[in-house]
Amino acid sequence: MLDTAVLARTAPRALDVVTPLGAVRFAARVGGWDVPARPELTWDLDSGARLCRWRSDSARLDVLSGRTASGPPGTTREVTIFRVLAREDVGEFVVEAELIGAPREDRTWESAFTAETADAVVSVGGPSADRLRRCSRAGQHVPPYWSRLVGGDAVERTGGRLTWRLPRVDRGDYAELWVTVAWSAAGGDPGHAVDLDAARVMRELTQ
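Reading the sequence shown from the start, the letters are residues 1 to 207 in my numbering.
To be clear, the hints were calculated from the coordinates, so they are not data collected in a lab. One or more hints might be untrue.
As the list claims (entries may be wrong) - With beta-carbon atoms standing in for the labels, derived distance ranges:
(1) Ala-11 <-> Ser-56: 16 to 26 Å
(2) Ala-138 <-> Arg-13: 33 to 43 Å
(3) Glu-156 <-> Ala-37: 14 to 24 Å
(4) Glu-40 <-> Thr-163: 15 to 25 Å
The beta carbon of each residue, even a glycine, is placed where N, CA and C say it ideally should be.
Turn these sequences into a full structure, and let the hints steer you where they fit.
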């Protein structure tokens, strides 16, 4: 993802995104490996983003996260991009994002939801199953065989939690999944900021 030799190391910390309605917490599993909450290595980028890394015998997980300058006016947007590089075949790739304490009244879509109070609005979302299949066919972000392996039930919603249960990643291949957290003052519509061009955001965060 990046040449870490030219980056500044920093103290590892969890990937939580703090919003006005509480923290969005992430969890990941690669094959049978439950990825620890705290990364093994962390680097700061000039853009203000950070790169975190975990390693196991079968895979390396890099996570690029940061706040974007682009986005709708009045909306704050932070994007977290998970990238698995398979050293050996891994049987699954699972990512979970949960808004802790999300209000019960929320709006949901296939791969996103919006929670609102009298003070703020928060949206959390990422690619749908169809989007991932289209990326696969286009040779972007995910392996080419995912176009036939990603099922319609690849994304699950449970209240304030989204879970992507994704297919295998063969040895030598990589797969990327991005999750966006956006928020605004009450009456805003940060849901528009969740649908984004992941490649463009990655370029912005790595400049």
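Now for the hints, and whether the structure bears them out:
1. Ala-11 <-> Ser-56: 16 to 26 Å: Cβ of Ala-11 to Cβ of Ser-56: about 22 Å, so the range 16 to 26 Å holds.
2. Ala-138 <-> Arg-13: 33 to 43 Å: holds (34 Å)
3. Glu-156 <-> Ala-37: 14 to 24 Å: holds (21 Å)
4. Glu-40 <-> Thr-163: 15 to 25 Å: Distance hint for Glu-40, Thr-163 holds at roughly 24 Å.
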